[in-house]
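Chemist: Take a look at the letters that make up each chain.
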Amino acid sequence: MSESQDKLSEKDFKDPYEFGFETDIESDFAPKGLNEDTVRFISNKKNEPKWLLDWRLDAYKRWLTMSEPDWSSVRYPPIDYQDSYYYSAPKDSEKLDSLDDVDPKLLETYNKLGIPLKEQEWLAGVAVDAVFDSVSVGTTFKERLKEDGVIFCSFSEAVKDYPELIKKYLGSVVPTTDNYFSTLNSAVFSDGSFVYIPPGVRCPMELSTYFRINAAGTGQFERTLVIADKDSYVSYLEGCTAPMRDEHQLHAAVVELVALEGAEIKYSTVQNWYPGDEEGRGGVYNFVTKRGDCRGDNSKISWTQVETGSAITWKYPSCILRGNNSSGEFYSIAVSNNYQQVDSGTKMIHLGNNTSSRIISKGISTGKSSNTYRGLVSIHPKSRNSRNFTQCDSLLLNDNCSANTIPYIESKNSESIVEHEATSSKISEEQLFYCQQRGLDEEEAISLIVNGFCKDVLQKLPMEFAVEAQKLLSVSLEGSVG
Amino acid sequence: MNNFLNIQSLSAKVEDKLIINNLNLNVDKGEVHAIMGPNGSGKSTLSNVLAGKDGYEITSGIINFCGEDLMSLKPNERSNRGIFLAFQYPVEIPGVTNINFIKTALDSNRKHRGLDPLKPGDFLKLIKEKSKILGIPEDRLKRQLNVGFSGGEKKRNEALQLLMLDPSLAILDETDSGLDVDAFKIVADSINSRRNNDSSMLIITHYQRLLERIEPDFVHVFINGSIIESGGPELASEIESNGYERFTDVK
Ligand SMILES: Nc1ncnc2c1ncn2[C@@H]1O[C@H](COP(=O)(O)OP(=O)(O)OP(=O)(O)O)[C@@H](O)[C@H]1O
Ligand SMILES: [Mg+2]
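Read top to bottom, the protein sequences are chains A and B. Each step along the first sequence adds one to the number in numbering that gives the first Met the number 0, with nothing skipped, and position 129 is 128. Each step along the second sequence adds one to the number in numbering that gives the first Met the number 0, with nothing skipped, and position 83 is 82.
Because the hints were derived from the structure by calculation, they are not lab data. It is possible that some hints are incorrect.
[As the list claims (entries may be wrong)] Cross-link-like lysine to any residue pairs, in silico, SDA-like; alpha carbons within 25 Å at most:
no.	chain 1	residue 1	chain 2	residue 2
1	B	K102	B	E128
2	A	K459	B	P93
3	A	K454	B	P119
4	B	K102	A	D440
5	A	K425	B	G54
6	A	K454	B	V146
7	B	K141	A	Q430
8	A	K425	B	P93
9	A	K459	B	Q143
10	A	K454	B	G94
11	B	K73	A	L395
12	A	K470	B	L123
13	A	K454	B	E152
14	B	K141	A	D440
15	A	K454	B	N99
[Stated by the list, open to error] Short, incomplete list of chain B residues facing chain A, as computed with Cβ under 7 Å:
no.	residue
16	A50
17	N79
18	V95
19	A104
20	N108
[As the list claims (entries may be wrong)] Output of the computed footprint for chain B on chain A, the stretches with three or more beta carbons under 8 Å from beta carbons of chain B:
no.	segment
21	422-429
22	435-446
23	449-460
Each residue gets a CB set at the ideal place from its N, CA and C atoms; glycine is no exception.
Between the sequences and the hints, there should be enough to build the whole structure, so can you do that?
Modeler: Below, the structure written as structure tokens:
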């Protein structure tokens with residue numbers, strides 16, 4: 000192993016600049032702080048059309064009038080928005096020379112997750128040659144997608160190449176005025192992904208393997224827009240089971256999904272940003288706005304998330320069930336350890352007739368963390384024959400952590416049915432002992448029981464990711480024993 | 000004194016209540032010992048203490064297993080060294096399939112012996128064979144561990160794990176209770192067929208009929224946390240006919 004590592008660092012990666020990454024660093028930074036000029040700088044850097052600049056500026060002005068939400072259960076010191084950089088070229092972050100310079104703990108995690116060496120380097124921010132196996136694989140994917148007319152590209156590319164689509168759909172699900180963090184994102188978003196599936200097309204592959212590599216330097220203000228045209232289908236996987244080395248503390252992403260008549264979008268997330276250390280120092284604040292619009296009749300949007308990272312998670316992937324017979328699903332596993340704080344859930348807004356939604360949430364807390372499920376099920380007076388089923392289960396691994404379930408239900412149509420079930424339990428000594436009696440050590444036993452607890456949700460993940468997600472759960476719970 | 004399982008003057012408390020009271024027991028390789036005693040006398044407590052469950056305060060005594068001080072080992076370490084407990088009340092583990100659980104357990108024990116995980120094909124062959132012996136239908140292997148299993152099905156599943164893990168010391172805590180007549184015979188005979196010079200069994204039971212199928216080398220009468228009399232199979236017959244009166248009167 001050391002031999003191949005030597006080879007990598009000596010030969011291939013000795014001089015990262017050789018590959019033309021980090022040219023002209025100076026001009027790729029916007030000055031520190033946030034003002035109108037920052038917004039103009041970003042838009043200008045990206046050669047954006049005027050309408051988009053105006054859109055950003057509009058959002059910025061809005062943002063100035065707004066204040067940070069304080070209704071959730073998460074607590075953190077005030078964020079100084081002027082003490083940040085809002086634009087830097089994607090590959091700006093300080094590159095390390097080799098894995099030897101990487102925090103050994105991070106490497107240990109990678110090894111446990113079985114991440115290949117090359118990918119480890121990429122994740123950890125070692126300066127690697129951009130010619131990745133997976134990237135070339137990605138190119139092949141792109142060809143294949145093109146044949147079907149599927150568009151899958153960076154947000155910036157989409158602005159250039161498909162301005163009409165962007166104009167039509169951007170902000171149509173999460174309006175610029177929506178909330179403090181999404182409005183901030185609208186003003187300063189750097190890049191993200193764009194997906195369009197043409198009518199009648201079933202996207203021939205999970206948009207995942209490719210993404211895993213190409214999401215490099217996703218940055219703190221990502222913007223994702225997925226449009227599934229009539230009768231199309233797409234499964235999209237965001238994120239990565241391996242934690243990225245990441246210097247940004249605040250992440251405020253926005254994801255918008257639009258499902259037209261008869262279309263289906265399955266959106267899966269594995270979030271494993273840096274959670275901070277055992278004392279609760281550092282870690283990412285993940286303040287994300289994700290929303291899907293079942294705009295057409297018979298459309299379907301399904302969110303699946305496995306959240307194990309970030310110091311603070313504030314996130315409510317939602318569905319607007321506008322079309323008749325449309326359906327929304329939310330399957331979630333949220334793990335909190337040490338001093339992590341999770342306030343997450345979903346909103347299901349039933350507007351059309353015969354709409355249905357299903358919510359399965361599994362919260363696992365340990366350490367001194369707090370883990371809150373917060374969800375809204377709203378049935379509009381005109382939404383007839385609609386149904387919701389909600390199941391929220393919390394599992395506590397010790398006495399120092401906390402779990403809460405806060406369901407809001409607004410059912411304004413008497414023909415509609417809302418069902419809610421919630422359980423909260425401590426991990427059982429009897430179960431642990433049973434597993435240990437059969438030879439599993441305490442951590443293996445906890446991991447097995449937790450995986451069993453999460454099974455209903457794990458099953459909803461694309462196959463290849465379910466396995467990684469299981470490993471990730473085990474890794475996230477390490478040190479929870481005792 | 001032998002060098003297999005050796006328990007000397009063992010006393011243990013639960014919640015400040017003395018349950019195991021100055022217990023002595025020696026089990027040698029290849030021996031089958033039966034323990035019989037009234038409800039609440041502490042038989043399951045003894046099993047749990049031997050298997051290393053938390054929550055018991057060992058106030059005195061020593062337990063030696065193959066030359067090691069058992070008390071210094073965690074439950075999984077004891078399992079890895081060959082101690083198996085068939086539970087009186089097997090617990091349900093939702094979301095974990097029976098077959099996966101058994102594979103994980105087996106591989107964990109193999110790992111300790113320096114063996115690689117069993118190849119899926121070999122494992123399947125083995126578990127199918129053992130399930131067949133016990134009359135366990137294959138679809139039960141795919142179910143969640145013990146979840147919704149009937150009482151008898153749980154017991155049969157403990158027997159399956161016994162056959163799969165093939166431990167050197169099996170502690171069977173009322174594995175025969177709750178089985179129907181046919182299941183009782185099947186399970187008893189499959190346990191009996193495990194007898195060999197290298198593995199020992201400690202069988203806790205209320206019924207002599209089990210000991211007719213698995214003839215023990217020793218029968219111990221267990222009252223109030225200690226063995227007050229030991230003998231051969233005839234002791235079981237006596238208990239069957241007369242109950243524990245004679246032994247409790249002695250006290
Ligand atoms: N956690 C506990 N707290 C309090 N008392 C306990 C606890 N565990 C066991 N006991 C008591 O210890 C005594 C012995 O229990 P144990 O389960 O060992 O009996 P047993 O011999 O296995 O009985 P049975 O034949 O009914 O299975 C009982 O009186 C029981 O109530
Ligand atoms: Mg008992």
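Chemist: Out of the numbered hints, which ones does the structure contradict?
Modeler: Structure breaks no hint.
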